[in-house]
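Undergrad: These are the residues of each chain, in order.
2 protein chains.
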Amino acid sequence: MSLTDDLLRANARYATEQFTGSDLQVRPLRHIAILTCMDSRYTAQGVLGLALGDAHVIRNAGGRVTEDAIRSLVLSAALLGTRACVVIHHSDCGLFGQSDEELRQRVAEVAGARATFGFLPFADLEQSVRDDLHALQASPYFPPDYEIIGFTYDVRTGRLKHIEP
Amino acid sequence: MSLTDDLLRANARYATEQFTGSDLQVRPLRHIAILTCMDSRYTAQGVLGLALGDAHVIRNAGGRVTEDAIRSLVLSAALLGTRACVVIHHSDCGLFGQSDEELRQRVAEVAGARATFGFLPFADLEQSVRDDLHALQASPYFPPDYEIIGFTYDVRTGRLKHIEP
Chain A
63 MSLTDDLLRA NARYATEQFT GSDLQVRPLR HIAILTCMDS RYTAQGVLGL
113 ALGDAHVIRN AGGRVTEDAI RSLVLSAALL GTRACVVIHH SDCGLFGQSD
163 EELRQRVAEV AGARATFGFL PFADLEQSVR DDLHALQASP YFPPDYEIIG
213 FTYDVRTGRL KHIEP
Chain B
63 MSLTDDLLRA NARYATEQFT GSDLQVRPLR HIAILTCMDS RYTAQGVLGL
113 ALGDAHVIRN AGGRVTEDAI RSLVLSAALL GTRACVVIHH SDCGLFGQSD
163 EELRQRVAEV AGARATFGFL PFADLEQSVR DDLHALQASP YFPPDYEIIG
213 FTYDVRTGRL KHIEP
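Heads up: the protein sequence lines correspond to chains A and B, in order. Residue numbers for the first sequence, in the numbering used here: 63 to 227. Residue numbers for the second sequence, in the numbering used here: 63 to 227.
So here's chain A without its partners, still in its complex pose:
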């Protein structure tokens, strides 16, 4: 069976046996947006005890504040009413302790082309959260009362740690 057919079969099971969200609306009920890593080992909803419909979830490599993350968070706030962003970076991240040079070399080996962009690696987990909180604070595109909260997440224990800006 192809991957496409396999995923469609799994989705048919979801739609018939588990799907319950048909009354939920586009605006998140708890007015929160989460920005976190693409890591496979956790969901933002699980870690924060959120239900479907509660929060926007933005994920990228590292959970970094990029132009695209700001595009998404600004839309979330201005168009869909979120009033807080929760930034979560995690332990054992693939970006930790790497250099852009090492990552470009690895991409060139696998794909045959050398990346012209950077990958946003980091060397200090808590500092990377603080850096990204500061980047959000510096953006002029959020409402005056917008709240910005930072955590680290430990993939071995399931626990968050609060990081002050």
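Hints were generated in silico from the structure; no laboratory data involved. Predicted, not measured: the structure shown is a model, and the values here were computed from it. Some hints here could point you the wrong way.
Same chains, same names: a pair is fine if it fits in one copy or spans any two.
No more than 20 Å apart at the CA atoms, straight line, and that leaves these computed lysine to any residue pairs for SDA-like [to be verified]:
#1 223 with 77
#2 223 with 141
#3 223 with 70
#4 223 with 75
#5 223 with 143
#6 223 with 186
#7 223 with 68
#8 223 with 179
#9 223 with 67
#10 223 with 66
#11 223 with 71
#12 223 with 81
#13 223 with 168
#14 223 with 82
#15 223 with 207
#16 223 with 160
#17 223 with 188
#18 223 with 80
#19 223 with 171
#20 223 with 78
#21 223 with 154
Guided by the hints, dock chain B onto chain A, whose structure is given.
TA: Frame of chain A, contents of chain B only:
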């Protein structure tokens, strides 16, 4: 109780009552990366019947192929061994039928500053998936055998529809 304290309390319940993933490793078990919208009403894992540990999940406003999504997907493939990307856009998306001018106006009303960047709205759901599949196909940074799959997701039924490139 502050939002931070509320989230930490919910996370403490998660860590003690639900957390089970302590043996999972950084490389996704099923070698898949999902790119989808930040929408609150579904999780990528739920819709595709995936377990924790199975797949990277990249989310942004619309599930669009941006430079940051490519940064994340390329890292996922070259560094962490994923071999397929699944792009999912959904019905009732906040970006559907909007214009950049309307969105910039809305941000200016809420935040007091006019955005200098675009928000990637779209007018045709299936075409937006095809456009993003083509953007991935045009990138030189993926391995030769990398598979690219597109779906739309109906938030009212829970069902995926396969979209050919």
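Undergrad: With reference to the structure, classify each hint as holding or not holding.
TA: Tested hints:
no.	hint	verdict
1	223 with 77	between (35 Å within a copy, 12 Å between copies)
2	223 with 141	neither (30 Å within a copy, 27 Å between copies)
3	223 with 70	between (38 Å within a copy, 8 Å between copies)
4	223 with 75	between (36 Å within a copy, 14 Å between copies)
5	223 with 143	neither (26 Å within a copy, 29 Å between copies)
6	223 with 186	within (14 Å within a copy, 42 Å between copies)
7	223 with 68	between (38 Å within a copy, 13 Å between copies)
8	223 with 179	neither (31 Å within a copy, 33 Å between copies)
9	223 with 67	between (40 Å within a copy, 11 Å between copies)
10	223 with 66	between (38 Å within a copy, 10 Å between copies)
11	223 with 71	between (38 Å within a copy, 11 Å between copies)
12	223 with 81	between (32 Å within a copy, 16 Å between copies)
13	223 with 168	neither (32 Å within a copy, 35 Å between copies)
14	223 with 82	between (32 Å within a copy, 18 Å between copies)
15	223 with 207	neither (23 Å within a copy, 40 Å between copies)
16	223 with 160	neither (23 Å within a copy, 38 Å between copies)
17	223 with 188	within (9 Å within a copy, 41 Å between copies)
18	223 with 80	between (32 Å within a copy, 18 Å between copies)
19	223 with 171	neither (37 Å within a copy, 35 Å between copies)
20	223 with 78	between (38 Å within a copy, 15 Å between copies)
21	223 with 154	within (15 Å within a copy, 35 Å between copies)
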